[in-house]
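Starting from the given sequences, assemble the full structure and let the hints guide the process.
As numbered in the working numbering, residues 1 to 462 make up the sequence shown, in order.
Just so you know, these hints were derived from the structure itself, not from any lab.
Remember, it's a predicted structure, so these values are computed and weren't measured experimentally.
Careful, some of the hints might be misleading.
Below, simulated DSS-like cross-link-like pairs (lysine-lysine); rule was C-alpha separation at most 25 Å, straight line [unchecked claim]:
| no. | residue 1 | residue 2 |
| --- | --- | --- |
| 1 | K230 | K262 |
| 2 | K262 | K205 |
| 3 | K230 | K366 |
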Amino acid sequence: MSGKTLTLGVLPLGRPTFDVAFAEEMLAGMMADLEATGHHLVGPGTLLMDAASTEAAMADIRAKNPDRIIILQVTFTDAAMTCRISDAFAQPLSIWAVPEPRLGGRLRLNAFCGLNLASHALGLRRRLFSWRYAAPHTPGIEVLLAGAPMVSPLIAEVSQADPAFGAALLAGLSGKSIARIGAHPDGFDTCAYDSAELAKLTGMKVTGFELPELFERARSAPESAARGLKAEIGGHLSGMDEVDQVELDRSLRLKLALDGMKADGGFDAFAIRCWPETFTEYGGAVCGPASMMGEGRVPCACEADVYGAATQLLLQAASDQPVFLVDLVDLDASDDTGVVWHCGQAPISMADPEVVARATIHTNRKMPLLLEFPLKPGPVTFVRLSQARGQQSLIIARGEMLKREMAFTGTSGVVKFERPAQEMLARVIDSGLEHHMALAYGDHVSTLESFAAAAGLPVIHL
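In structure tokens, the structure reads:
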């Protein structure tokens, strides 16, 4: 660390849907660590929960001409304000995100996912930065103060695999159809897509719909069909009677609406804007229906992630089994494992057979239907049809799902990746990977490499 006293512009980002008290506790520790460096801190020192407060803090910091800008990723946030900060300041940029204990309860912060979105968005903008994923009061804070950025973009390599099998896989994807329902959330550059580029790459086509059409179909679904679906899933899901029954009925009707759209349009997958409108305008979660659709080999990507849906179709074809679109929410070097998670939408065939899957509610929005269970142990493959750093590539990882207690509520699993967790962490950030990856059980890497060769896609192995 230089002996010069620096002025550090500090912007703590948070979101009120997470555990604000815990976030404030983490922020206090982070600020104390920064103050202990002896540098001059400028900024609000409190969580910035919206665009207006962040813009005001940026204006105040800009007037003080700091030497460095440090974003504190205290909870999950989308990348919109990170990009605004990046655009507003030419000074060296750092991001510090904090992990949280794997206690089996809700994700109280989900800060790693925020770092993941930020790294992708900044990668698209060719903005290099330094970063830290560590708890307060742990060594290593000096990386945030370095003048040179840490990020070293990974270079995708041409696949050397035999393209013969991959050619058949590529041909099978051609003509597949994805229904996109609603637009991806603001600040989710990870979910942006170009339908012409996707068609050129895979032969898949995308048809757009608005959320009110899905909601109207759901409301008009026959009551007898909703009752029948409830009875069907109640046979292998506990706790159905413990959730709000009106909201449960609404949720189940979304499954019937998706079935109807598939029947009418011949769709092979869906990419759905799942929040906030399914909760705020309709009144029920689409997570449980997405689980059921995935189990039936009609994968659903949340947050209207079209390339996520396309990736699911690819991995489903490569593995001949249901797939799960996951967030990577933690990497712990001390345990040498990571956690993959989503709210409650994994196909039920992925449940640990020694655990009874149960009905639950969304941790932030408090509505059913979501499924809750830990993922079963076994070898797993992860893949993403990626647009990281503005280049289409195939990003692949391999690991072993461990038999562990559930790390976080919803559907989650603890995975030991092929590489050590600390190396995996660096490669995720260096790659600019999107925050959604498709997961299937088994080792399908050679098949995916063959697909990449046939499609002319360069490959990054995490």
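Now the hints, each set against the structure:
{"no.": "1", "hint": "K230 to K262", "in the structure": "holds, 20 Å"}
{"no.": "2", "hint": "K262 to K205", "in the structure": "holds, 14 Å"}
{"no.": "3", "hint": "K230 to K366", "in the structure": "holds, 19 Å"}
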